[in-house]
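We have chain A already, so just place chain B with the ligands on it with the hints.
Read off the chains here:
2 protein chains.
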Amino acid sequence: CSWTKNIPNAPTPNIIIMLMDDMGWGDLGVFGQPSKETPNLDAMAAEGMLLPNFYTANPLCSPSRAALLTGRLAIRNGFYTTNAHARNAYTPQEIVGGISKDEILLPQLLKTKGYVSKIVGKWHLGHRPQYLPLKNGFDEWFGSPNCHFGPYNDQSIPNIPVYNNSEMLGRFYEDFKIDRNTGESNLTQIYLMEGLDFILRQTKAQQPFFLYWAVDATHAPVYASKRFLGKSQRGRYGDAVMELDYSIGQILKWLRTLGIDNNTFVFFTSDNGAAVMSGPNESGSNGPFLCGKETTFEGGMREPAIAWWPGHIKEGSVNFQLANVMDLFTTSLVLAGINPPDDRILDGLDLTPVLLNSSQPLKNRPIFYYRGNELMAVRLGQYKAHYWTWSNSWEEFKKGINFCPGEEVPNVTTHEQKEHTLQPLIFHLGRDPGEKFPLSVLSKEYQDALSRISAVVQQHKDTLVPGIPQLNMCDTAVMNWAPAGCEKLGKCLKPPESNPWKCDWPH
Amino acid sequence: CSWTKNIPNAPTPNIIIMLMDDMGWGDLGVFGQPSKETPNLDAMAAEGMLLPNFYTANPLCSPSRAALLTGRLAIRNGFYTTNAHARNAYTPQEIVGGISKDEILLPQLLKTKGYVSKIVGKWHLGHRPQYLPLKNGFDEWFGSPNCHFGPYNDQSIPNIPVYNNSEMLGRFYEDFKIDRNTGESNLTQIYLMEGLDFILRQTKAQQPFFLYWAVDATHAPVYASKRFLGKSQRGRYGDAVMELDYSIGQILKWLRTLGIDNNTFVFFTSDNGAAVMSGPNESGSNGPFLCGKETTFEGGMREPAIAWWPGHIKEGSVNFQLANVMDLFTTSLVLAGINPPDDRILDGLDLTPVLLNSSQPLKNRPIFYYRGNELMAVRLGQYKAHYWTWSNSWEEFKKGINFCPGEEVPNVTTHEQKEHTLQPLIFHLGRDPGEKFPLSVLSKEYQDALSRISAVVQQHKDTLVPGIPQLNMCDTAVMNWAPAGCEKLGKCLKPPESNPWKCDWPH
Ligand SMILES: [Ca+2]
Ligand SMILES: [Ca+2]
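Read top to bottom, the protein sequences are chains A and B. Residues in the first sequence are numbered from 161 upward in steps of one, following this note's numbering. Residues in the second sequence are numbered from 161 upward in steps of one, following this note's numbering.
Where hints are given, some of them may not hold.
No distinction is drawn between identical chains; accordingly, a pair holds when it is met within one copy or between any pair of copies.
What the hints assert, rightly or not - Pairs of lysine-lysine residues, derived as DSS-like cross-links and limited to a Cα-Cα distance of at most 30 Å, are as follows:
id, residue 1, residue 2
1, K578, K558
2, K604, K391
3, K604, K196
4, K523, K391
5, K523, K386
6, K604, K621
7, K391, K596
8, K386, K596
9, K604, K558
10, K386, K604
11, K558, K596
12, K273, K261
13, K196, K523
14, K386, K413
15, K559, K596
16, K391, K474
17, K604, K559
18, K337, K604
19, K578, K559
20, K523, K621
21, K621, K364
Everything labelled a hint here was simulated from the structure, so no lab data went into it. This one's a predicted model, so the numbers in the text were calculated from it and none came from an experiment.
With the rest of the complex left out, here is chain A (with noise of 0.2 Å):
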């Protein structure tokens, strides 16, 4: 493909995939954050590409990156339930699945052209022995494998545990503070540390490296350390944001310093869009975008991404190239000199063309949103096409959890999952990015993009075969009560009986 005419002989780069937690498209300066306290990512997209047509494969942290990783829609790869129609499911402690041993992970590819790939912060794919990183192909971990709720009494639930590698090295609100009262924590300079010293270690080491640096500083509870609290205008969740561009920065300029941003491909993003629900304190923002985490509006899908590689990407240049993580398993591998497999479907596309070539044709390619099982929406150029809606219940927003806090678009934040298959309602996301005014279903503009995008849903259905579900069953016997490591530190603790249930996925 037309690539490598950009970059004959290229050596193989170093890749560093920046995944933010729960942050929105709207929280950037250069996205319109009316804050504007961002100078370090606002630098970034003013010395590389900005994608402002960005997305991610599922509303929700573990299917994305359980996506991201695999290249694949989680209704391909495992990483949904199909316990009730269109819920979102992910891995919280008493998950019995995780990723599934026949899905092939980015790490383990680029191993075979000699990568070196370390995880730092989140994994998300599931907690037990068999699932963690350095069993998926990953050489170093730093990080933890669920999110840092808590904090829990290590009676009925415990804490959740940080690992070093394969064995825990302590647990968050134990032995990693999270100040829940001052929100003070220091972790994201320890995941900043991390990222600095094993970029030092594989230059020093002549050996390529696969960073994926999956920092949580933005996922509630969100958190900053001391220097930065207090610092934004927008409060706590502000200060983490800060903090987070800042240490951003920071890696961008050891690239520098070491000499190797010519030779290090770096794609910031994020996992999700804002968790508006969590109110004004712990919740960023979707700019203009329609609701958002949990649901398959822009605001829960619509992602910040900006791509970076000093002499490759032309700085300052924008591509609205419709574009999702998925396709960062597939265009790394490409920059990586590897063969993406061909035993399996895709759908990651290899974006290389219009990150190096940006004069280069858009591809005409859907986005899917899906909800769990459920194809909720499809995305074809401007036009989108929401088969199903649904914000979340009656019974949960009577109780005041609310996931389009302020908006309400009749018929489109529905708090029933209504169908619209034999009608689909369709918006120009051009003229009506936060899909508030449907087009006619009488008007031939609607007719024609139906049409269209009738024809790539039949097809994608027609080729769909969902994977086996992994996130139908919990326990709380496999809860992290006794993760490696933890003799050495006196930190095991004894599991009650076994006692397996379908998980109760409520939205």
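Just chain B with the ligands now, with coordinates in the frame of chain A:
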């Protein structure tokens, strides 16, 4: 004051105010428009200063423009109505009133220092002879007294005239075409040429000038010239934005070509928030802000704003000063070395300390949000207190007129005029720019903010002497039947008998 330290003996700079019509905060790439179609404005920001906390004085054209040119709130300068409580009023063709002769307009004062002033575009301060620009300090005018609504039949309603200085040149839809089907009109190109020509003439004459470039392509019915139609991802509204952006680029380039860029202060902003009630084809974006035009929510009054003056304003700077269009009055006077009038209360502040020395500490000044004769809300620092809330009436709303489409914040976007004076709703606009999460009235934060804002409101009300309302009376006899110059053109129409009535301002 300190600005003189920065520019000792500076010659009086030329002044250009570029005032857009109904353009929203979120319509610029630099403010997060996903389509990123404003390369010239984004470059202007990169070369100048971005002001994310810049406001209009009123969520509607006429009072906003009256405030800009007088440096005074509409409640003082008379550009409001007392026909009903808290109603937006402007100058349609049937309005009897206009800008009071007791007001002093910016060009009148600039003339004392030898400035030549031209308005290009929409005037909107009254269309009867005594109210027109050349009677109120401007030396030149090319444009219209009212909005470009139409076409009319010239029987019951005359088409709006286009003036060249003190005489009409023709009428919209007749001599100055706007194709309502295609949206084609070359008006922006004409307005561009009028601006460039004026700049050239004053430069050759070595005369300091004030250009008030008040273009209206983004006001419904939106229009663009053939070259721009269909170019935007956003439809016709976006086409209009792209043409304005192009034209602004041409003006800045012209200043450089003529070598006067270092001696020309340019300010870009808009007269009110995007008219989101006009639907996706005819409306811009207010980014993350609530509602739009006609309302006193952030979407109605927060405006895009860029200050540009190479060599004087620091390039690529961002300043969070709370500022507004009335400051442009006072700031322009200070730049011209003219003492602001001291016989009246001015609401505009001198922004030169902020613009010319961005390290200057910010002034803790309030922003007042008026709707007609009522102070609806006040911002002080990050806190905004709503004393009254109203979107529009149930009656209008049920007819499908929606000032907050897709948005609904209980107790906030109310359809009755809701009084909160005893317990104002207070929002922290840093954490919650979308005004979705009122602070708990029981919190210390609420009490502290309220006590500070209350003192400001008390002082404001104690010293307020409302001007005589100019927008109460309507009469079809005063419409643009026979503007000056109509005889030469054979374009005089016969007015009906005078039959004045109290204008009906429904929202
Ligand atoms: Ca997440
Ligand atoms: Ca306007």
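Now the hints, each set against the structure:
For the homomeric pair K578 and K558, the shortest alpha-carbon distances inside one copy (18 Å) and between copies (24 Å) are both at most 30 Å. For a Cα distance limit of 30 Å, the shortest separation of K604 from K391 across copies, 20 Å, qualifies, whereas the shortest one inside one copy, 52 Å, does not. Proximity of K604 to K196 under the C-alpha cut-off of 30 Å is restricted to the inter-copy arrangement: shortest distance 27 Å between copies versus 41 Å within a copy. With identical chains, the CA atoms of K523 and K391 are at most 30 Å apart between copies only, with a shortest distance of 19 Å across copies and 42 Å within one.
In this assembly of identical chains, the alpha carbons of K523 and K386 lie at most 30 Å apart only when taken from different copies (28 Å versus 46 Å within one copy). Within a single copy, K604 and K621 get their C-alpha atoms as close as 25 Å, which meets the 30 Å cut-off; across copies the closest is 55 Å, which misses it. Taking CA atoms no more than 30 Å apart as the test, K391 paired with K596 passes between copies only; the shortest distance there is 23 Å, against 35 Å inside one copy. In this homomeric assembly, K386 and K596 come within 30 Å of each other (Cα to Cα) only across copies, at 29 Å, whereas the closest approach inside a single copy is 41 Å.
Proximity of K604 and K558 under a CA criterion of 30 Å is satisfied inter-copy only: 28 Å between copies versus 39 Å inside one chain copy. For the identical chains of this complex, K386 and K604 are inter-copy neighbours only, at 23 Å across copies versus 57 Å inside a copy, given an alpha-carbon limit of 30 Å. Both within a single protomer and between protomers do K558 and K596 lie at most 30 Å apart by alpha-carbon distance, with minima of 23 Å and 17 Å respectively. In this assembly of identical chains, K273 and K261 lie within 30 Å of each other by CA distance solely inside one copy; the values are 21 Å within and 80 Å between copies.
With identical chains, the CA atoms of K196 and K523 are at most 30 Å apart between copies only, with a shortest distance of 19 Å across copies and 32 Å within one. For the homomeric pair K386 and K413, the shortest alpha-carbon distance inside one copy (22 Å) is at most 30 Å, but the shortest distance between copies (47 Å) is not. Taking the shortest Cα distances, K559 and K596 sit within 30 Å of each other both inside one copy (25 Å) and across copies (17 Å). Proximity of K391 to K474 under the C-alpha cut-off of 30 Å is restricted to the inter-copy arrangement: shortest distance 23 Å between copies versus 33 Å within a copy.
Taking CA atoms no more than 30 Å apart as the test, K604 paired with K559 passes between copies only; the shortest distance there is 26 Å, against 42 Å inside one copy. With identical chains, the CA atoms of K337 and K604 are at most 30 Å apart between copies only, with a shortest distance of 28 Å across copies and 59 Å within one. Taking CA atoms no more than 30 Å apart as the test, K578 paired with K559 passes in both settings, with 21 Å inside one copy and 26 Å between copies. Taking the shortest alpha-carbon separations for K523 and K621, only the intra-copy value of 21 Å comes in at or below 30 Å, while the best inter-copy value is 60 Å.
Within a single copy, K621 and K364 get their C-alpha atoms no closer than 48 Å, and across copies no closer than 69 Å, so neither meets the 30 Å cut-off.
Hint check: a violation occurs at hint 21 only; the rest are consistent with the structure.
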